[in-house]
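Chemist: Put together the whole structure using the sequences plus the hints.
Number of protein chains: 2
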Amino acid sequence: MRAWENNVRKVVPYVPGEQPKDRKVIKLNTNENPYPPSPAVTEALRRMTAEPLRKYPDPTAGRLTEAIAAEHGLRPEQVFPGVGSDDVLAMAFLTFFNSGKPILFPDITYSFYDVWAELFAIPYERQPLNGRFEIVKEDYRKENGGVVFPNPNAPTGVELPLADVEEIIRSNRDVIVIVDEAYIDFGGTSAVGLLEKYDNLLVVRTFSKSRSMAGMRIGYALGNEDVIRCLNNVKFSFNSYTMNEAAICLGVAAAEDHAYFEETRRKIIATRERAKQELAKLGFSFADSKANFLFVTHRTCPARELFAALRAEGIYVRYFDKPRIDNYLRITIGTDAEMEALYDFLRRYLR
Amino acid sequence: MRAWENNVRKVVPYVPGEQPKDRKVIKLNTNENPYPPSPAVTEALRRMTAEPLRKYPDPTAGRLTEAIAAEHGLRPEQVFPGVGSDDVLAMAFLTFFNSGKPILFPDITYSFYDVWAELFAIPYERQPLNGRFEIVKEDYRKENGGVVFPNPNAPTGVELPLADVEEIIRSNRDVIVIVDEAYIDFGGTSAVGLLEKYDNLLVVRTFSKSRSMAGMRIGYALGNEDVIRCLNNVKFSFNSYTMNEAAICLGVAAAEDHAYFEETRRKIIATRERAKQELAKLGFSFADSKANFLFVTHRTCPARELFAALRAEGIYVRYFDKPRIDNYLRITIGTDAEMEALYDFLRRYLR
Chain A
1 MRAWENNVRK
11 VVPYVPGEQP
21 KDRKVIKLNT
31 NENPYPPSPA
41 VTEALRRMTA
51 EPLRKYPDPT
61 AGRLTEAIAA
71 EHGLRPEQVF
81 PGVGSDDVLA
91 MAFLTFFNSG
101 KPILFPDITY
111 SFYDVWAELF
121 AIPYERQPLN
131 GRFEIVKEDY
141 RKENGGVVFP
151 NPNAPTGVEL
161 PLADVEEIIR
171 SNRDVIVIVD
181 EAYIDFGGTS
191 AVGLLEKYDN
201 LLVVRTFSKS
211 RSMAGMRIGY
221 ALGNEDVIRC
231 LNNVKFSFNS
241 YTMNEAAICL
251 GVAAAEDHAY
261 FEETRRKIIA
271 TRERAKQELA
281 KLGFSFADSK
291 ANFLFVTHRT
301 CPARELFAAL
311 RAEGIYVRYF
321 DKPRIDNYLR
331 ITIGTDAEME
341 ALYDFLRRYL
351 R
Chain B
1 MRAWENNVRK
11 VVPYVPGEQP
21 KDRKVIKLNT
31 NENPYPPSPA
41 VTEALRRMTA
51 EPLRKYPDPT
61 AGRLTEAIAA
71 EHGLRPEQVF
81 PGVGSDDVLA
91 MAFLTFFNSG
101 KPILFPDITY
111 SFYDVWAELF
121 AIPYERQPLN
131 GRFEIVKEDY
141 RKENGGVVFP
151 NPNAPTGVEL
161 PLADVEEIIR
171 SNRDVIVIVD
181 EAYIDFGGTS
191 AVGLLEKYDN
201 LLVVRTFSKS
211 RSMAGMRIGY
221 ALGNEDVIRC
231 LNNVKFSFNS
241 YTMNEAAICL
251 GVAAAEDHAY
261 FEETRRKIIA
271 TRERAKQELA
281 KLGFSFADSK
291 ANFLFVTHRT
301 CPARELFAAL
311 RAEGIYVRYF
321 DKPRIDNYLR
331 ITIGTDAEME
341 ALYDFLRRYL
351 R
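Residue numbers (the numbering used here), protein chains in the order written: chain A, 1 to 351; chain B, 1 to 351.
Any given hint could turn out to be false.
Taking CB as the label site, the calculated pair distances span [stated by the list, open to error]:
1. Ala259/B - Thr49/A: 34 to 44 Å
2. Glu256/B - Glu77/A: 51 to 61 Å
3. Asp326/B - Glu118/A: 35 to 45 Å
4. Arg173/A - Pro302/B: 49 to 59 Å
5. Lys142/B - Ala308/A: 55 to 65 Å
6. Ala3/A - Lys24/B: 25 to 35 Å
Heads up, simulated DSS-like pairs for lysine-lysine below, C-alpha to C-alpha not over 25 Å straight-line [unchecked claim]:
7. Lys55/A - Lys21/B
8. Lys10/A - Lys101/B
9. Lys267/B - Lys55/A
10. Lys24/B - Lys322/B
11. Lys322/B - Lys276/B
12. Lys267/A - Lys101/B
13. Lys55/B - Lys21/A
14. Lys101/B - Lys101/A
15. Lys322/A - Lys10/A
16. Lys55/B - Lys101/B
17. Lys322/A - Lys276/A
I should point out that these hints are in silico values taken from the structure, not numbers from a laboratory. Predicted model, so just to flag it, every value in this text is computed and none were measured. Even glycine gets a Cβ: it sits at the ideal position worked out from N, Cα and C.
Modeler: Structure, rendered in structure tokens:
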């Protein structure tokens, strides 16, 4: 071991879902949208020219924040853009969770919350979901340094009713409550309407799922203007330019095509509802997902075995080898054809 | 003041160089390249399609690291890509500067080094440049937790000779030495050749200056494979996907067009050398810049006054109101026509 290695930060690297290069694979493992981005994105790509790229991009990504604000009926000063919602969430942790008191989030949830907390030396306490994988709102009434949870939750897909979300926000007026709505567009009820009433609410969204733009890394936070100003101050203190010109251009085009967005998310919701019926017939059980994935367990076949069998068939789903969820698979909702291929295989395999 | 505001991180926001919307402005204030990106970037933009954007990008940005490695005669495992060199540098601070001992950098240098050190609670000590704005290599022999400096330095443009760079690396084998070569392509001698000899060296580069790609946010670090592995481990522990698909595609095109790169940087070097003659005639003095900017002070006219006069004329340069450099202007090298407009105005104004 060389001397400089003594001072290297110790970490456990994240293992992202596989991105197989084989085109024939059915990819139901990373919660991507099975439909392409809006045709308006193709148009915007065609209109882009290389010349402006020589200059730094607008550090505020003004055109993009305006388009996002318009979509939500908010002011641009209420929008904070970032390089995917991971970037936005990490920045929010860094900005708001400095009390020294533990922040609270569910025990089964997005796997980066504890990572960012450790990165920024923020103490945290996990609050267990109940047996139906639901967030127990009473668990978030104790003294804390902030609250964060996805709604619908990941990887369970379970939605916390808006009244319960509001109760958590209302009983935590002295800290920031982050509602991570990465999957809200697939049938959940957003907390965005609560922004008028609560200045301690931050809603985080992404273009990666419902906008079919995972490849462009665009996320954003919505909040009170003062909350967003705090985020911008911290962000600009150490990295001025993060959103590149292409993300701004193509993001605007995606944000503005409301009709395509509606059409795509409806198709995915319809496919998911059919998937619930098919998978139930095949002996699976699952909580009632409002996301673009189902979190399923089978009556007899262990999840780990099924994961391997599906993979051998070229159908990629996600398996988490973690306490409480190690007999579950997370299956992203694909196209109808992809889902039919999944059911066909399962019918044969589980017979 | 609301309760949640007590826990907001306290920061001093960075103020980036102005990006005026008026097209007629002569922009010599942010060290951008006055020439457009390579025609290969236009080609790559034309070939891009929207469909693949629905998927997450390759988290390793493999095509880009391969193209960069080929350009430098290195292996892809020696390249760490990031969202501009700011992202790469911040990640290197976080990864390597954990000894608790102060890291060392010049007193007059890139303004983000102390910001990242404070962000990550890394102690630091500034080492004063000498009267000719040169780094004094002996200052970097004391015990420390790491070393970082730009070469050529910013905003002075002064190059540290490679033998002195090597001496700093050699006398600090127990820590990582970061040589920030944002401006190296404009006539400096790179430390990349030293990577074979020293496993404690990290060279950081950017596409923002010599590749005319500031708008796409592409930076990278070059190092020993073990050093790069450490950077990747830390990066992947908390943010898997940062380089978007467009940055990867267009970055590859820019990296591969060696002829255009050579042509552009030679033009800028030629314009800079003429600028030295013209500005000397006008009563300016400056260190011998090897960057795409000159850091100048005038015999009689205060920098602050000149800054305001230039701005009123629509010529934007950079002024830093900081100790030791508050009578200097940093002037980016533009096209010949832009520089002629600058000389014309100065001839009239200083008469």
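Chemist: Honestly, which of those hints from before does the structure not fit?
Modeler: Violated hints: 1, 2, 6, 10, 12, 14 and 16; rest satisfied.
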